[in-house]
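Enquirer: Residue-level listing of the chains:
2 protein chains.
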Amino acid sequence: MINPFTDEYFMKKALQEAEMAFEKGEIPVGAIVVVDHTIIARSHNLTELLNDVTAHAEMQAITAAANFIGGKYLKDCTLYVTLEPCQMCAGALYWSQISKIVFGASDAHRGYEKMGTQLHPKTTVVRGVMADEASDLMKRFFAERRK
Amino acid sequence: MINPFTDEYFMKKALQEAEMAFEKGEIPVGAIVVVDHTIIARSHNLTELLNDVTAHAEMQAITAAANFIGGKYLKDCTLYVTLEPCQMCAGALYWSQISKIVFGASDAHRGYEKMGTQLHPKTTVVRGVMADEASDLMKRFFAERRK
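From first to last, the protein sequence lines are chains A and B. Its first residue numbered 1, the first sequence is counted upward by one per residue in the UniProt record's numbering. Its first residue numbered 1, the second sequence is counted upward by one per residue in the UniProt record's numbering.
Any given hint could turn out to be false.
Any copy will do: because identical chains look the same in the list, a pair fits if it lies in one copy or spans two.
[Unchecked claim] For lysine-lysine, the following DSBU-like pairs were computed, each having C-alpha atoms within a straight-line distance of at most 30 Å:
id, residue 1, residue 2
1, 12, 24
2, 122, 147
3, 147, 100
4, 75, 147
5, 114, 100
Calculated directly from the structure, the hints in this document are not laboratory data.
Bound-form chain A, shown alone (with noise of 0.2 Å):
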């Protein structure tokens, strides 16, 4: 049987959300989580709109599912984001215990990788999954922005 519920078809919803950071003018970067093939959470940075460094696609998408499963552990849990995530990002998903982290283009400079982030032993990574959608996108951003 096929399966249709890939690591591409939930990016490609979380690629909709930086989209939509896009559109406000915010450094575009999509979060969602999912449980089970089902979306449980979706968010985009909005650190201009709030003023808050805090208000990464991440953070959004750690505290909404959180929310929604009444518990502040992600076990079972998988985050799609289309850019690497930060130190502060991998930090929060460190203490939610997250099972799986898919992230689409990596971030050479800020990335928690190159920063050298702990993440929790429980958790698992995939990455470069529609890296370049992402990696497109931020570029479209960041040369728009130099007009």
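Place chain B on chain A using the hints.
Expert: Frame of chain A; chain B shown alone:
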């Protein structure tokens, strides 16, 4: 002239916040943000009450201070926090470009210094202010929880 606004003066205010967390059954960590001798944000850990791993005292203090200022960068601000920040909170402080961090007790296991989290190059750090008081409060909390 005597300056009453010492680091100890403000750390006592953060300790009062930590005691409020203690009374709610939260791991007792408190934080305040100060600009020019004025407290612009007060907070304490609320991870249990909010079912949210992101609700550390520092995260709330950053959001509240940015809200007060009307801008997301905490330049000329000092954060006083009773316990050494974790990876997440240090990562948030990195983005905030905060001028100064004063913390009480060190966290040998989960503190950002052990974990290698990077702060912003503009940020200075003062360690160990009223560390015994902060540490005693933590020990008392975990001793009571084990009963």
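Enquirer: Each hint needs a verdict: does it hold in this structure or not?
Expert: Evaluation of the provided hints:
In the homo-oligomer, the alpha carbons of residue 12 and residue 24 lie at most 30 Å apart inside one protomer (19 Å), although the nearest pairing across protomers, at 41 Å, exceeds that limit. Only between protomers do residue 122 and residue 147 lie at most 30 Å apart by alpha-carbon distance; the minimum there is 29 Å, versus 44 Å within a single protomer. Taking identical chains as interchangeable, the C-alpha atoms of residue 147 and residue 100 are never at most 30 Å apart, the minima being 38 Å within one chain and 35 Å between chains. In this assembly of identical chains, the alpha carbons of residue 75 and residue 147 lie at most 30 Å apart only when taken from different copies (28 Å versus 44 Å within one copy).
Taking CA atoms no more than 30 Å apart as the test, residue 114 paired with residue 100 passes in both settings, with 19 Å inside one copy and 25 Å between copies.
Of the numbered hints given earlier, the model fails hint 3 alone.
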